[in-house]
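There are 2 protein chains.
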Amino acid sequence: MAVVYAVGIGPGKPEYMTQEAADVIARCECIGGYTVYIDLVKDQYPDKEFFSTPMKKEVDRCRMALKFAQDGRDTALVCSGDAGVYGMAGLLLELLPEYPGADVQVVAGVTAATSGAAVLGAPLGHDFCIISLSNLLTPEPLIEKRLRMAAEGDFALCLYNPRSHHRKDALRKACAVLLETLSGDTVCGWVKNIGRDGMEKKVLTLRELPDEEVDMFTTVFIGSSSTRNIAGRMVTPRGYENKVD
Amino acid sequence: MAVVYAVGIGPGKPEYMTQEAADVIARCECIGGYTVYIDLVKDQYPDKEFFSTPMKKEVDRCRMALKFAQDGRDTALVCSGDAGVYGMAGLLLELLPEYPGADVQVVAGVTAATSGAAVLGAPLGHDFCIISLSNLLTPEPLIEKRLRMAAEGDFALCLYNPRSHHRKDALRKACAVLLETLSGDTVCGWVKNIGRDGMEKKVLTLRELPDEEVDMFTTVFIGSSSTRNIAGRMVTPRGYENKVD
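Residue numbers (my numbering), protein chains in the order written: chain A, 3 to 247; chain B, 3 to 247.
Hints may be right or wrong, so weigh each one.
The list treats identical chains as interchangeable, and a pair is accepted whether it falls inside one copy or across any two copies.
Derived pair list, reagent style DMTMM-like, types lysine to aspartate or glutamate, alpha-carbon separation capped at 25 Å [as the list claims (entries may be wrong)]:
#, residue 1, residue 2
1, K203, D25
2, K194, D105
3, K194, D25
4, K204, D105
5, K15, D25
6, K204, E100
7, K15, D105
8, K204, D217
9, K147, E182
10, K147, E214
11, K58, D217
12, K58, E17
13, K203, D105
14, K175, E154
15, K147, D171
Hints are computed from structural coordinates only; laboratory data are not their basis.
Work out the full structure: start from the sequences and follow the hints.
Here it is as structure tokens:
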């Protein structure tokens, strides 16, 4: 039985991929993904069949992959970050029953929450939430409710998709919701172009965050009440120091 | 300036490590970590200096690493999963100001939330929370509050440390809290020994979860209201299918 592998390749450059992901891509006959990601790997494999669809054509892309597998050809569907976090893994599994003879396996990768956290320090060192601010697939009231619950639970928080063409003020709105509960002094940070050329980062406060210029390649971090700015690094302690002192 | 690299090596076998992590370990003069993890990498590098401390001696381990760096020797402190998620990265950054001349850099890895999710299907395909049930470093009322907020926000949820020597009933207690808000039919799953020999997994309901035998090497997943069991796979849809149908 041929398999579609949903492969997370991490934040960008090949060095952020796991060996498992590299092995699976090397082994598969067909490789598909969003055009930008295909361009990242295409040159390495002149003998493979590549396919891609533009953004927002995710369903078509998954169906193409499942059809290849149904025809007996192992196929890698490549996603940035992790294939299971706002990625294609779930959609492939939803469509799979329509493609008898094909199977789906997920190959984990480093998602932007942890690759971005590594750049800033350790903002996700204790319990945390990940919320996407994109309202393309989620109703805005649900996004706001989740922001409120994250703030009330004193979680550290990582925000994906803080700005899109359709929602330029998404981060400003999210900060307004969070500031109903959280202090303006809450330590925050953002990273742009994680693991790619032109990477930028900043550690700041929640009071300052709404005025920051973020884009669709920015990942945003909001601290919990225990998060600190230690010499420019954003750190959410796990609590070892309390056991020691 | 010599550096302590907090290196996440993923869930177990070397193939789940990123190329960046493998390169950093190969380059460093000294390598430290929890004994079990050191044993995983020791044989590959006969010419390096290794150091380890038992569990619960995390502060000592970080101080040893920072001292090596202060003495001018690049050092890798190896953690399973990601070094910034309940790992050593935060503690190193907290202690760093006491070690002038040393620096700390974090190398991201695949954390159990996403490696375990890949085994089960795609349980974390939409907004989610990660909560540790260990009460060693967190007061129980805060753990319970976060469980309540995660349930009220209809997040998918990943639980680390569902059982420990000191807290054998942690998962049962957490389920009782979640069942105040969530349906007993909520789709759940667990994975034991992710990426290692003896890996096991199960997809079940929240009603059944309290009676499961979990251990400290088990990662538990609780679905949101949209999570489904599709042919034995746990899937939290991102929502593409609503756009299509």
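Going through the hints against the structure:
1. K203 <-> D25: Only across copies: K203 and D25 sit 24 Å apart there, 32 Å inside one copy, limit 25 Å.
2. K194 <-> D105: between (35 Å within a copy, 23 Å between copies)
3. K194 <-> D25: between (28 Å within a copy, 24 Å between copies)
4. K204 <-> D105: Answer is between; shortest inter-copy Cα gap is 18 Å, intra-copy 42 Å.
5. K15 <-> D25: Both. Shortest intra-copy (16 Å) and inter-copy (14 Å) distances satisfy the 25 Å Cα cut-off.
6. K204 <-> E100: between (46 Å within a copy, 24 Å between copies)
7. K15 <-> D105: between (28 Å within a copy, 24 Å between copies)
8. K204 <-> D217: within (14 Å within a copy, 39 Å between copies)
9. K147 <-> E182: Result: close both inside a copy and across copies, 12 Å intra and 18 Å inter.
10. K147 <-> E214: within (23 Å within a copy, 31 Å between copies)
11. K58 <-> D217: within (18 Å within a copy, 41 Å between copies)
12. K58 <-> E17: neither (27 Å within a copy, 32 Å between copies)
13. K203 <-> D105: Result: close only across copies, 18 Å inter versus 40 Å intra.
14. K175 <-> E154: both (17 Å within a copy, 21 Å between copies)
15. K147 <-> D171: within (17 Å within a copy, 30 Å between copies)
Hint 12 from the list above is the single one not met by this structure.
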